[in-house]
Structures are given as structure tokens and as C-alpha cells.
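Undergrad: The residues making up each chain are set out below.
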Amino acid sequence: EDQVTQSPEALRLQEGESSSLNCSYTVSGLRGLFWYRQDPGKGPEFLFTLYSAGEEKEKERLKATLTKKESFLHITAPKPEDSATYLCAVDYGGSQGNLIFGKGTKLSVKP
Amino acid sequence: DAGVTQSPTHLIKTRGQHVTLRCSPISGHKSVSWYQQVLGQGPQFIFQYYEKEERGRGNFPDRFSARQFPNYSSELNVNALLLGDSALYLCASSPSGMVPEKLFFGSGTQLSVL
Chain Y
92 EDQVTQSPEA LRLQEGESSS LNCSYTVSGL RGLFWYRQDP GKGPEFLFTL
142 YSAGEEKEKE RLKATLTKKE SFLHITAPKP EDSATYLCAV DYGGSQGNLI
192 FGKGTKLSVK P
Chain S
25 DAGVTQSPTH LIKTRGQHVT LRCSPISGHK SVSWYQQVLG QGPQFIFQYY
75 EKEERGRGNF PDRFSARQFP NYSSELNVNA LLLGDSALYL CASSPSGMVP
125 EKLFFGSGTQ LSVL
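Chains as they are written, first to last, in our numbering: chain Y, 92 to 202; chain S, 25 to 138.
The hints are simulated quantities; they were obtained by calculation from the structure and are not laboratory data. Each residue gets a CB set at the ideal place from its N, CA and C atoms; glycine is no exception. Treat the hints with care, as some may be off.
Just so you have them, the derived chain Y footprint on chain S, three or more residues with Cβ under 8 angstroms [as the list claims (entries may be wrong)]:
#1 91 to 99
#2 124 to 133
Using 30 angstroms as the maximum straight-line C-alpha spacing, the simulated BS3-like pairs for lysine-lysine come out as follows [claimed, not checked]:
#3 S:K54 - Y:K150
#4 Y:K154 - Y:K201
#5 Y:K194 - S:K126
#6 Y:K133 - S:K126
#7 Y:K160 - S:K126
#8 S:K37 - Y:K148
#9 S:K126 - Y:K148
#10 Y:K201 - Y:K159
#11 S:K126 - Y:K154
#12 Y:K133 - S:K37
#13 S:K54 - Y:K133
#14 Y:K170 - Y:K197
#15 Y:K150 - S:K126
#16 Y:K197 - S:K126
#17 S:K37 - Y:K170
#18 Y:K133 - S:K76
#19 Y:K159 - S:K76
#20 Y:K150 - S:K37
#21 S:K54 - Y:K194
#22 Y:K150 - Y:K197
#23 Y:K150 - Y:K133
Whenever a hint applies, use it, and build me the whole structure from the sequences.
TA: Written out as C-alpha cells, the structure reads:
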């Protein structure tokens, strides 16, 4: 069964304390892996798309990487405004438009 | 430019009732997808429509149906509501409906079934 697993479920960091979030997937024929950020009561907001192993993308304090079995979202020197739930989703070529999402990692950054 | 807009933002229904949720995509986007997000879970795919045609369907019962209009807006209908249908319903749009393509999500409709 195609699956996307994110870890940890929750992460508490002090401001400036760098860390990484993990997304592992067991799908065949990966066509793209997406990272989204979701704030409470809001819809997911797009961050990155990764297409092939070895690819990396950066945006401000965030850097996403991809291997054949997992992706990491590295957060460098986080700030309180980075607090949110980070969702990973994969496009595996199933039903058109069908992304499989993980359950997310809830990140809290304390000042 | 306006983002994806959904209405209503909140809705309370009782078991057995019917509900219609509405979505307006970003101007110029022709594809609309619907997702269900239960508290503490990631979004789960329900439908995708492109140019008024259904292009994909997730693992949901026939009580769930949708349609897309000529102006690319969309409706999600749920019949015979169950308690388990309580969730945040998200609409997402994308320019072409070609995958893989990033989705732009609305803020969702929070449905509570009592």
C-alpha cells in the first residue's frame, strides 16, 4: 500500500535551534514530492516541489532534500513565526490530481 | 489577485442531512480538487475536475459528488451526512490539471455533523 509517513509528529524548538523534519514514502513511480505549511484554521500553503533524488530547494530558513525513499525539510535558525504544521505529499501517478499526504509535523518555536 | 475562495467557512448539520460546499478557483485556473482533512490527519483526496470533467476520484462513498461549472467554480455535495463526515473540506486549484503541479488551497469549510 502506498504510504507517506512523517516524523516526528510534533517538534518543539527554541528560537535559533536548527532541526530537520522527515518524510518517508513507499510509493512506486514517484512523480513529485511536495512540502506544504499549514497554519491553524487555514489551508496548506505551498513551499517546495522535488522531482528526483538528489534534488534540493531552499527558501529563506527552509531547505528541502530528496532521496529515493525519503525527504527532509531542514529548518535553520527557526523563528517563532515558523511555527506551523508541515505537510509532505507525494504524487505517484494515481488518480489525476491525487496527492497522498502524510499526517504532518507540528512545529512549535519558542522565543 | 484573489486566491481560492470557499463558502461557507463554517457549517453545522445533523445526521442524514445534505450539504453543498462551494469553491471559486484562482482566476485562470482550470483544475479544481477537493480534499477532506480530519483533525490531526493530512488531507485526503476526494475529487479532481478539469474543464468540467471528472479526472480523478478518491476512495469515498457515492454519497460524495461534485461538479465543475463553465466558469471553473465547483461544488462538492455530500448526502446522508454521517458523524464521521465532520472535517475541514479543502478546495485546491491549479492552472492546467497536469500532474505533478503545485496546488493552491483555499482556507476550507469546517463541517460539523451533530
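Undergrad: Decide, hint by hint, whether the structure agrees.
TA: Okay, the hints, checked on the actual structure:
Residues of the region 91 to 99 of chain S lying with their CB closer than 8 angstroms to a CB of chain Y number 0, which falls below the three-residue condition for coverage. Remark: the region 124 to 133 of chain S is confirmed as covered by chain Y, as 8 of its residues place a Cβ nearer than 8 angstroms to a Cβ of that chain, reaching the required three. Annotation: proposed proximity of S:K54 to Y:K150 holds, straight-line Cα distance about 28 angstroms (limit 30 angstroms). Only pairs whose Cα atoms come within 30 angstroms are accepted, and Y:K154 paired with Y:K201 is accepted, the gap being roughly 20 angstroms.
Under the criterion of a C-alpha separation no larger than 30 angstroms, the hint pairing Y:K194 with S:K126 is consistent with the structure, at around 18 angstroms. The straight-line distance between the Cα atoms of Y:K133 and S:K126 is roughly 17 angstroms, inside the 30 angstroms bound, and the hint therefore holds. Between Y:K160 and S:K126 the CA atoms are separated by roughly 21 angstroms; this keeps the pair inside 30 angstroms, and the hint holds. A distance of roughly 43 angstroms separates the Cα atoms of S:K37 and Y:K148; the hinted pair therefore is violated under the 30 angstroms criterion.
Straight-line distance between C-alpha atoms of S:K126 and Y:K148 comes to about 15 angstroms, which keeps the hinted pair within the 30 angstroms bound. For a cut-off of 30 angstroms, the pair hint linking Y:K201 to Y:K159 is broken: about 33 angstroms separates their Cα positions. At roughly 17 angstroms between alpha-carbon atoms, S:K126 and Y:K154 fall within 30 angstroms of each other, so this suggested pair holds. Restraint check: the Cα-Cα separation between Y:K133 and S:K37 comes to about 21 angstroms, which is no more than 30 angstroms; the hinted pair holds.
Taken as a hint, the S:K54 and Y:K133 pair is honoured in the structure, with Cα atoms around 22 angstroms apart against an allowance of 30 angstroms. Proposed proximity of Y:K170 and Y:K197 is supported: the alpha carbons are some 14 angstroms apart, at most 30 angstroms. Of the pairs offered as hints, the one joining Y:K150 and S:K126 holds, with about 16 angstroms between alpha carbons and a cut-off of 30 angstroms not exceeded. A C-alpha spacing of about 22 angstroms is found between Y:K197 and S:K126, which places the hinted pair at or below 30 angstroms, so the restraint holds.
For the hint linking S:K37 to Y:K170, the alpha-carbon distance of about 40 angstroms lies beyond 30 angstroms, and the restraint is violated. Taking the CA atoms of Y:K133 and S:K76, the gap is near 26 angstroms; set against the 30 angstroms cutoff, the hint holds. Proposed proximity of Y:K159 and S:K76 is contradicted: the alpha carbons are some 36 angstroms apart, above 30 angstroms. For the hint linking Y:K150 to S:K37, the alpha-carbon distance of about 41 angstroms lies beyond 30 angstroms, and the restraint is violated.
A hinted pair counts as satisfied when its Cα atoms are at most 30 angstroms apart, and S:K54 with Y:K194 qualifies at roughly 28 angstroms. Our distance criterion of 30 angstroms between C-alpha atoms is met by Y:K150 and Y:K197, whose separation comes to about 19 angstroms. Taking the CA atoms of Y:K150 and Y:K133, the gap is near 21 angstroms; set against the 30 angstroms cutoff, the hint holds.
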